[in-house]
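Trainee: If you read the protein sequences in the order shown, they are chains A and B.
Be aware that the first sequence starts at 1, since it is given in my numbering, and climbs by one per residue.
Be aware that the second sequence starts at 1, since it is given in my numbering, and climbs by one per residue.
Derived from the structure by calculation, the hints contain no laboratory data.
Since this is a predicted model, take the numbers as computed values, not measurements.
Each residue gets a CB set at the ideal place from its N, CA and C atoms; glycine is no exception.
Any given hint could turn out to be false.
As the list claims (entries may be wrong) - Partial chain A-side listing against chain B, Cβ under 8 Å, derived:
#1 5
#2 14
#3 21
#4 25
#5 27
#6 226
#7 298
#8 302
#9 306
#10 309
#11 395
#12 691
Said to hold, decoys possible - Simulated restraints on C-beta separations:
#13 817/A x 87/B: 28 to 38 Å
#14 408/A x 30/B: 44 to 54 Å
#15 327/A x 132/B: 53 to 63 Å
#16 70/B x 404/A: 51 to 61 Å
#17 482/A x 42/B: 51 to 61 Å
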Amino acid sequence: MIASARPAGVRLRSFAGLGGRSLRARPLRSGLTAAGIVLGVGMAFGVLVLVATIHSSFGSLFNTIYGNTDVIVSGKASVGEVPQRTLGQVRRVEGVKAASGQVMGLFRVIGTEGKAQTGAAATLFVAGTNLRGPDTAGATLVEGTKPRGPRQIELEEAWARSHGLTRGDTIRLATPTGEAALLVSGIFRFGTALDLGGYGTAAAPLGSVRRMTGKATGWDGIDVIAASGVSAAELSRRIRAVVGPGIEVATPAAKSEEVNEAMSSLDIVLYFFSGMAIFVSVFLILNSFNMTVLQRIREIGTLRALGASRRRIATSVLGEALFLAIPGCALGLALGIGLAELLAAAMRSFFGLPIAALDVTPGALVAAVAIGLLATTAGALYPSLRAGRIAPVRALTGAVGSERRPGLPRALLGAALFLPGMAIGGLFWFSNASGTTTAAIVGVGSTLMMFVGMVLLAPFLVMPLIDLLARPVRALMPSEGRLATDSLRMNPLRTSATAAALVVTLSVVVVNATMSASFLGSISSQLDAHFARDLTVQPLGYSSYGPPVSAIAPSLRRQIAALPAVGTVTPERIVYMRKLPGSREPGLLEAVEPSRWPRVDKSEYEGASTAAAMAGLGAGGAVVGRRFAEATGLGVGDTVALRGAGGVVRAPIVATTDTFEANGNVVMVSLATLRRAYGITSDSTLALTAVSPDRRAALARQVGALLERRYPGFEAVSDAEVKKQYESAINQQFSFFDAIVGIAVIVGLLGIINTLSMAVIERTREIGVLRALGGSRWRIRRTMLTESVLISVAGSLVGIGLGLLVGIVWIISIRESTLVGLKLGIPTSMLIAIAVLGVLIGVLAAIVPARRAARLDPLKALTYE
Amino acid sequence: MSSTSVRPDPAPLLEARGLTRAFGAGATAVQALRGVDLTVGEGELVAIMGPSGSGKSTLLHILGALDRPDAGSVSIDGRRYDDLSDRELTRLRGEVFGFVFQFFNLLPTLSAAENVLLPALVNGERPAGYAARVDALLGRVGLGDRAAHLPTELSGGEQQRVAIARALLRHPRLVLADEPTGNLDSKAGGSVMRLLRSVVDDGQTVVMVTHDPGAAALADRVVFLRDGEISGEVEGGDTARVIDAFREIEAGAQPERAAA
Ligand SMILES: Nc1ncnc2c1ncn2[C@@H]1O[C@H](COP(=O)(O)OP(=O)(O)OP(=O)(O)O)[C@@H](O)[C@H]1O
Ligand SMILES: [Mg+2]
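In isolation and in its complexed conformation, chain A is listed as follows (with noise of 0.2 Å):
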């Protein structure tokens, strides 16, 4: 006889067993949960996947393309440009081996029909520098030869691959000072692979991108190779003690790391909306052992007689959760990688990032499935130590009583963790948007324990609402709506955790959205009211915080000035500062002509008339926006120290402005002070008034037609679409997170078809003697999906409630705080939307109880135990 045979009719290698028995009996109710596990694992994964392919992309990126270069001189985070001169004083630092001005152009490649492109596949950077001098870049040429004329290009191999260009072709593309057509003269390589996600890069004549983009003098940036033995934190060092202080003297790798830097507080916004997933998984496994555990007292007190120990039961429990934990995390891997892709896809064409193929890193792998893990025992501890508890006795009494009603230290606490975290959350998410590290975390903190302190406040909101809403189905139906709403009330914990996944993942898309529409009216009705201009020009694909854009050479706008209809010009040049000057808070610095710009632009100083700020602005002074002035202590009368590559200018502010833009994190100057401080030289936008308000339609027609026959990289558009170039910017930005937070919305949908499951299994019964009676399937049917329609509709509700009462908070908040004259906005029809998703997912999450009711054999439902 073997010695490891078991006894006829045993299966059961352990006590561990047990539980794999339970998990079977159970098949619905453990496949809601591990499909719970798997979403919120695949949420997890997804986003660390994005956020390691975001950083492995910029953090290889300086390197890839700078594959020689030891040092790059340029301006103070790749702002403004380097003076001309800079390049003589590189050049005679003792340890400079060699030096290569450079000038970049972003250009687009125009189609078969003639029309420039939009797309970060359409994009080309094309470097303009001296191809005889040290090749910086560390390429090789895999075909062809390097640019011998001005009308030559070479291009980066697997971007021309991908446009199905070689060697002899010619490209077409649309630059700042025209439409140019090159000939593709070679194809170089870098040192390693690049990955743009889709932008490409390519390579020209010093000259011929000076020309084309129009800009006479200065560098984007100094290539420096060292010296053999200088290192190059020492040639830094030498390079620093010679050019300007607004000049940054850093290294390929510091370069990579400043980007990365600045992608950080992105990657903890994604991780905070990911989480909502995670958060999410966890209630759908606390319900479901806690289920479990209710439905198996009196198993469990049988074990405990038998002489299970309670440590034993616990850890049993917990095990179950586990083991569904490894395929759940398993599946969730997969599914991680398929968001990844579309998340990544989705930043590449929403914010313009070059987003590289997915790197799957092993770390982000084991972060996952620890997610998982940790997320399993987190929701399965409670129903786990729950379980131990039981008493032996209750092997003989089963269930008794009903279950525990929250009581006033839950509200309590619930209402402490509330109320100061939505108090603080607003202003770090939106005072500072995008601000530094601390001030994410703090935000995403404070959100957390406002995201708790709902939870735990849940029950006292949606009980009352179901009761309400019970009531009118009792009078229609009084049979079914007693059943339908005694489950739920019976079970107040139960049901309001089930509705707290709802409630939480809702209101997030409700804060969204009041916010999204409040910024949107708001800077809406600035446009209207500062506004004054009849026309705009801009580069293809402009919007705020969007893909990078070509600039205006100073060519276009000579030839819009000689339009007959054309009554004013002014450009504005456009910076986005990670700091602006003096300040610790990232926004725009703005340079504007002070003689023209209140042709086109109506707004109103404080402090100041607007002549008296334009004139200001004229003599080198600075008008900054209200939260500028805030985060600076920096008022009228003060100086702002603007340290760029050109030099430093010292701008005494001359009045403040109240600005949507940047949230009010704005600092403008002249175009001169801007050129003096920055070198900067093109412009980002045109405004245009026509010469008479009767040749409106004359100035676009010019206009249109002189863009589309020269300039196919610009367009002229009117106030209307600026507008909704803005909507369309920010409601991207928040239905990306929207998206992201749908995957928790969707593990709400799971919970509630488990609670109703469970309620199916209790009133068994119930529903026996119902269909005894003559009760047919569909009233059955009926019942249980009123049920869920109670459960989801209340769950929303709640959710919208709660989503405006912080968005309004919020908002009031901020508008006291930096924005004044912001209006709050009422997203109606997102909120009517979510309401019928409410409807929605009630009844999707209905479909499977009530026909498990349905079915159910009255003479079984009867007899069952």
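Starting from the structure of chain A, add chain B with the ligands where the hints point.
Mentor: Only chain B with the ligands this time, still in chain A's reference frame:
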């Protein structure tokens, strides 16, 4: 028949002193036990009889460490266990006691054989060592061919026999059985009683609750419980004597209660 009289007084294994237990509070409170004293010797088979609601199950649960008395003490081998920690009680339940529930309490997801094996699994043992034991026990209760059946595929009496086999698996020193023959016909009931008798003959101790005087008569001693109090005791061995004593006690109690 006086088998018990020739036997020397057995060493006391189990001792209960002044056990009281009430359920609920206030007006609806039920006093299930009102000071029960009971001594069970090692190797004894004791039957507890009494009308429905007299507190038999409650007493058995306290003896079996499933429940604690409000007052009084229970001890085994002279050591009190009513005040032990949960961990120690768990050990006692697993190692020393075997319990047969009035309503069987089989795990619905486990087969008959797996249910029998459960005490071993609960105590962290592997099934392999119990192959022969499970077979033998199922055979003894007449279910040798039903090993793989789930409880829902067994009749009430069959389930009860599985529950008895389960209680005996690990040779507990003290077997506590709540109406082990309650759902059985006389033939099956008789075989269960013979099984319990043989267990006692092997040196184990059995305390059982029963309504059946015939089954009680197979015990060494029959203790009568009435309204939560011990109201008498009689030697086993003779069905007629047990029935007489039962009647007598029932009748005798009548005026007592009326007077109270
Ligand atoms: N958990 C409980 N809650 C409330 N009352 C209880 C509980 N358990 C037992 N009782 C009451 O205590 C008394 C004694 O119950 P017990 O189960 O011990 O009776 P019994 O003698 O075993 O009866 P039966 O022969 O019907 O099984 C009864 O009146 C019963 O209603
Ligand atoms: Mg009883």
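Trainee: Okay, residue 327/A versus residue 132/B on CB: inside 53 to 63 Å?
Mentor: Roughly 37 Å apart at Cβ, these two residues miss the hinted range, so it is violated.
Trainee: Interface hint check: residue 395/A, Cβ to nearest Cβ on chain B, cutoff 8 Å. Holds or violated?
Mentor: Since the shortest Cβ distance to chain B is 5 Å, the answer is holds.
Trainee: Look at the Cβ atoms of residue 482/A and residue 42/B and judge whether their distance stays inside 51 to 61 Å.
Mentor: Once the Cβ atoms are compared, 58 Å apart, the range 51 to 61 Å for residue 42/B and residue 482/A holds.
Trainee: Can you let me know if the beta-carbon spacing of residue 817/A and residue 87/B is within 28 to 38 Å?
Mentor: At 57 Å between Cβs, range violated.
Trainee: How about residue 691/A: closest beta carbon in chain B under 8 Å, or not?
Mentor: Cβ of residue 691/A sits 88 Å from chain B, so the hint is violated.
Trainee: Please check whether residue 309/A passes as an interface residue: C-beta within 8 Å of a C-beta belonging to chain B.
Mentor: 5 Å, holds
Trainee: Mind checking the CB of residue 21/A against every CB in chain B and telling me if the closest is under 8 Å?
Mentor: 4 Å, holds
Trainee: Taking the beta carbons of residue 408/A and residue 30/B, is their distance inside 44 to 54 Å?
Mentor: With Cβ atoms ~32 Å apart, the hint is violated.
Trainee: Please verify that hint: residue 14/A, Cβ, nearest Cβ of chain B, below 8 Å or not.
Mentor: Where the cut-off is 8 Å and the nearest Cβ of chain B is about 6 Å from residue 14/A, the hint holds.
Trainee: For the range 51 to 61 Å, tell me whether the beta carbons of residue 70/B and residue 404/A fit it or not.
Mentor: 24 Å, violated
Trainee: The hint names residue 302/A as touching chain B; please verify it with the least Cβ-Cβ distance against 8 Å.
Mentor: With Cβ-Cβ at 4 Å, under 8 Å, it holds.
Trainee: Have a go at the residue 25/A hint: is there a Cβ in chain B nearer than 8 Å to its own Cβ?
Mentor: 5 Å, holds
Checked against the numbered hints given earlier, the structure breaks hints 5, 6, 12, 13, 14, 15 and 16 and satisfies all the rest.
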